[in-house]
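**Student:** Sequence:
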Amino acid sequence: MRVAAVFGIDSSGLDMAVKLVILSLVVIYLALIYYTYADARRRIEDPLLVGCATAAALFPFVGTIVYMIVRPPEYLEDVRERELEMQAAEARLAHLGIFLCPHCDGEVKEDFLRCPHCLRKLKDACGSCGRPLDPSWRLCPYCEAEIPGITPARRRRRRSEQPAFPEPGP
3 MRVAAVFGID SSGLDMAVKL VILSLVVIYL ALIYYTYADA RRRIEDPLLV
53 GCATAAALFP FVGTIVYMIV RPPEYLEDVR ERELEMQAAE ARLAHLGIFL
103 CPHCDGEVKE DFLRCPHCLR KLKDACGSCG RPLDPSWRLC PYCEAEIPGI
153 TPARRRRRRS EQPAFPEPGP
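Each residue of the sequence shown is one higher than the one before, starting from 3 at the first, in this note's numbering.
Be a bit skeptical, because a hint or two may be false.
Stated by the list, open to error - Derived EDC-like pairs (lysine to aspartate or glutamate); straight-line CA-CA distance at most 16 Å:
| no. | residue 1 | residue 2 |
| --- | --- | --- |
| 1 | K123 | D136 |
| 2 | K125 | E109 |
| 3 | K123 | D113 |
| 4 | K111 | D126 |
Derived from the structure by calculation, the hints contain no laboratory data.
Given only the sequences and the hints, what does the whole structure look like? Please build it.
**Tutor:** Dropping the structure here:
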């Protein structure tokens, strides 16, 4: 009984070489699918997009090439590390008393009402003493003045006609 040769090749040596080439192409194809899946998991947070990238790799060789072109340039771990470094740098600057304008990133001081670079308003001034107020404050900590529209109105207690404690009798 004769085994069918690949592509009708009758030479056993040549047939073996063709089978090894086909086997190596299949192994490379499967390795590219796994590589695409593993790389997408390291670069993309959304599991649906990871699945789409892996599905694209099922198209022999072309899918992986397309994924390599459109994949995100950074690993998720690098993005998180950069964000942590930025937060640490901002905390160090705040600790040193150096603040940045949220609009133009120009250097401002904590008590500036306006940014000297972009002229945008940073804080409101107290109506009584004129010092800068933080938006989260409910009253001015410098002069104890209430901030109109923010400080809730105090409730006045009604005095009852009768004393709370009766006076002792004779």
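**Student:** The structure should be examined with respect to each hint, and the outcome stated for every one.
**Tutor:** Hint check results:
no.: 1; hint: K123 with D136; result: 12 Å, holds
no.: 2; hint: K125 with E109; result: 15 Å, holds
no.: 3; hint: K123 with D113; result: 12 Å, holds
no.: 4; hint: K111 with D126; result: 14 Å, holds
Of the numbered hints stated above, none is contradicted by the structure.
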